[in-house]
Amino acid sequence: MLNLDNSNQKNFKLNQTNIELISVTKKDEKNNDQKRISSSLSTEDSFDVEKMESNNHSSLNSISTRCNKYFPRLDEKKKRLFKIIFIILLLILYHIYLGFAIARSFQNALAIVVLTILAWLLVLYYKVLRPYCFPKFIAQHCCSTLALRCKQKNKKSLQIILYAIIALAILAIILVSVWDKWQRLNSLVGFITIVALLYIFSEHTSKVNWRPVFWGFGIQFLIGIIAIKWKNGMQAFQWISDQVIIFLDYSQEGATFVYGFLTRPPMICGMDPVLMFSALQAIMFFSAVVAILYHLRVMQFVLAKLAWLMQITLRTTSAESLHAVASIILGMCETAIMITPYLPVQTNSEMFAILCSGFGTSAASMFAAYSSFGICPQYLLIVSIMAAPASLACSKLFYPETEKSQSTNISEFANQKSPYKNILDAIGSGASEAIMVVLENGACLVVFISLLAFVNAVISWLGAMVGLEGLTLEMILSYIFFPIAFLMGVSDETNMQERIAETLIVSELMGTNVVLNEFIAFQKLGEFIKAGKLSARAQMMATFALCNFSNLGSIGIQLGTYASVCAEQRVTVSRLALKAMIAGCAVAFTSACLAGMLVETPQFCNAQSAGSFHCFNLTSALQ
Numbered sequence: 001m002l003n004l005d006n007s008n009q010k011n012f013k014l015n016q017t018n019i020e021l022i023s024v025t026k027k028d029e030k031n032n033d034q035k036r037i038s039s040s041l042s043t044e045d046s047f048d049v050e051k052m053e054s055n056n057h058s059s060l061n062s063i064s065t066r067c068n069k070y071f072p073r074l075d076e077k078k079k080r081l082f083k084i085i086f087i088i089l090l091l092i093l094y095h096i097y098l099g100f101a102i103a104r105s106f107q108n109a110l111a112i113v114v115l116t117i118l119a120w121l122l123v124l125y126y127k128v129l130r131p132y133c134f135p136k137f138i139a140q141h142c143c144s145t146l147a148l149r150c151k152q153k154n155k156k157s158l159q160i161i162l163y164a165i166i167a168l169a170i171l172a173i174i175l176v177s178v179w180d181k182w183q184r185l186n187s188l189v190g191f192i193t194i195v196a197l198l199y200i201f202s203e204h205t206s207k208v209n210w211r212p213v214f215w216g217f218g219i220q221f222l223i224g225i226i227a228i229k230w231k232n233g234m235q236a237f238q239w240i241s242d243q244v245i246i247f248l249d250y251s252q253e254g255a256t257f258v259y260g261f262l263t264r265p266p267m268i269c270g271m272d273p274v275l276m277f278s279a280l281q282a283i284m285f286f287s288a289v290v291a292i293l294y295h296l297r298v299m300q301f302v303l304a305k306l307a308w309l310m311q312i313t314l315r316t317t318s319a320e321s322l323h324a325v326a327s328i329i330l331g332m333c334e335t336a337i338m339i340t341p342y343l344p345v346q347t348n349s350e351m352f353a354i355l356c357s358g359f360g361t362s363a364a365s366m367f368a369a370y371s372s373f374g375i376c377p378q379y380l381l382i383v384s385i386m387a388a389p390a391s392l393a394c395s396k397l398f399y400p401e402t403e404k405s406q407s408t409n410i411s412e413f414a415n416q417k418s419p420y421k422n423i424l425d426a427i428g429s430g431a432s433e434a435i436m437v438v439l440e441n442g443a444c445l446v447v448f449i450s451l452l453a454f455v456n457a458v459i460s461w462l463g464a465m466v467g468l469e470g471l472t473l474e475m476i477l478s479y480i481f482f483p484i485a486f487l488m489g490v491s492d493e494t495n496m497q498e499r500i501a502e503t504l505i506v507s508e509l510m511g512t513n514v515v516l517n518e519f520i521a522f523q524k525l526g527e528f529i530k531a532g533k534l535s536a537r538a539q540m541m542a543t544f545a546l547c548n549f550s551n552l553g554s555i556g557i558q559l560g561t562y563a564s565v566c567a568e569q570r571v572t573v574s575r576l577a578l579k580a581m582i583a584g585c586a587v588a589f590t591s592a593c594l595a596g597m598l599v600e601t602p603q604f605c606n607a608q609s610a611g612s613f614h615c616f617n618l619t620s621a622l623q
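For the sequence shown, the positions run 1 to 623 when this note's numbering is used.
Hint data in this document are derived by calculation from the structure and do not stem from the laboratory. A couple of the hints might just be wrong.
Claimed, not checked - Each pair of labels, with its calculated beta carbon distance range:
#1 Ala172 x Leu98: 35 to 43 Å
#2 Glu493 x Gly556: 37 to 45 Å
#3 Val274 x Lys421: 31 to 39 Å
#4 Ile268 x Leu559: 42 to 50 Å
As the list claims (entries may be wrong) - Simulated pairs of lysine-lysine, BS3-like, Cα-Cα distance not exceeding 25 Å:
#5 Lys404 x Lys579
#6 Lys417 x Lys305
#7 Lys83 x Lys127
#8 Lys181 x Lys229
#9 Lys533 x Lys181
#10 Lys579 x Lys207
#11 Lys181 x Lys231
#12 Lys79 x Lys127
#13 Lys305 x Lys127
#14 Lys127 x Lys77
#15 Lys127 x Lys417
#16 Lys78 x Lys127
#17 Lys404 x Lys207
For each residue, glycine too, the CB sits at the ideal point set by N, CA and C.
Required output: the full structure, derived from the provided sequences and hints.
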């Protein structure tokens, strides 16, 4: 029985294995059939796809053939012709529009008329005069006659005669301006004193190159004559400054949308706009606009041409000239970043000139913030332009060149490509880069005003111990800077006591600017304007003297900036920064002296511009 059971079990297992083998073979056959079917389908599909592609290709060829038949492809000459025709049609339509605008109101269309004239003058110069007229004129007239007369041995004597004629013309204008007006004569004495001090304490007195000094102060004086002395020039600068303020004021639309009443509070007495959310927002707006102009290569073109003008007159290097003219528009950090490729090869004198132009000028993006305190915007514009040549003159007098320059040509900057991909990228990058500038300004104001309050408390406490009640840092600074302010002739009061009192106020502002920063100084100036403590001349002179970045805080900014963009010059910058700040102060003070000599009737910035509008007195209403 046991044997039968074992044999049955073995037979059962054999049958089971046979069944499994049969099922596996069937599965393999089924899989092979499926593969054959799928391969046949895939070949059919691929054939269909190839067939469809060939059909599509043939249809596209037929469409392109028909298009070429009815619309033949244009060659390069015809493309250029159509482009010219299109531009001419646009110009015709634009000038028709301009004619209607002028016929309707010439006063309203004045801005667009001026821009159109400037555009046509540029086209005339670059398309006609420069390539065709000037080379022939120089070759036929100048080179043939002057080459014979202006030999090398007579060149120096002719330069001396030319300089003497210009100097006599400047002296005649100064004498006419200060004749029978002793207050203006005081400003002349102040200008001569500042220049003499720069020369006496010069790093290398015997190595001073007088060409950049002479031309720098000469161009500064010429700008002053046009902007302050000449009536039409005054009106032009007034109009330009108004347009700048109107343009920067558009930033308040975006700021109001984001921050609400913090930017434009209700007209309740004591509720002024929050500075961080109002005037400082113009910096971001302006930075974005500058980035757009840089992307379109407009900024490179304008700055390169202005720098070229400085080069051919002052004979300064490309980096010095470029930094000086760029400082009119941009701040210290932006200009340093802009000339980064030039920095490693700069000599000590060139680095000093770069630092001096950074300290001695003020960025155009700050105009809205300064004017919000009641400062005359046209004075801010004038002093910013005057500071560009004056900074090079003061720097070359205070720290002359003793090394051989290795700076490259300015044309390299003019050909720089935009780092932005498109206009939207430029807007975003410009706005984001300005965020840190706004935050730094706000942080500096918080820290410096807090430190000022603490220092005043300590000084007042120490003074009270010896019987000097009310002693403050501002009072000490007013006495320190009083001799400079008095020599500059900041006051036109005939009564000596009133003259001294007004001079002490301006000297206090000058000291505040140097020890703290220009923002706090302008804020205090606005308070003095609102209180009616300063005459129109004192307001103007103070504005010219304060419009710069020459303060101790800016030294730290310069050190940090140049250490990050050019580590090779870090030691040089740290050694020259303090002297460059002093030279930057001299730049602003010389501009103030020239304004004091040339001005006929200073503009009085009234209290309304400082923010004293008609407001609702909530306290009296509740009582």
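Structure-based check of all given hints:
{"no.": "1", "hint": "Ala172 x Leu98: 35 to 43 Å", "result": "42 Å, holds"}
{"no.": "2", "hint": "Glu493 x Gly556: 37 to 45 Å", "result": "38 Å, holds"}
{"no.": "3", "hint": "Val274 x Lys421: 31 to 39 Å", "result": "35 Å, holds"}
{"no.": "4", "hint": "Ile268 x Leu559: 42 to 50 Å", "result": "44 Å, holds"}
{"no.": "5", "hint": "Lys404 x Lys579", "result": "22 Å, holds"}
{"no.": "6", "hint": "Lys417 x Lys305", "result": "17 Å, holds"}
{"no.": "7", "hint": "Lys83 x Lys127", "result": "17 Å, holds"}
{"no.": "8", "hint": "Lys181 x Lys229", "result": "15 Å, holds"}
{"no.": "9", "hint": "Lys533 x Lys181", "result": "23 Å, holds"}
{"no.": "10", "hint": "Lys579 x Lys207", "result": "18 Å, holds"}
{"no.": "11", "hint": "Lys181 x Lys231", "result": "20 Å, holds"}
{"no.": "12", "hint": "Lys79 x Lys127", "result": "21 Å, holds"}
{"no.": "13", "hint": "Lys305 x Lys127", "result": "16 Å, holds"}
{"no.": "14", "hint": "Lys127 x Lys77", "result": "20 Å, holds"}
{"no.": "15", "hint": "Lys127 x Lys417", "result": "23 Å, holds"}
{"no.": "16", "hint": "Lys78 x Lys127", "result": "22 Å, holds"}
{"no.": "17", "hint": "Lys404 x Lys207", "result": "13 Å, holds"}
The structure meets every hint from the earlier list without exception.
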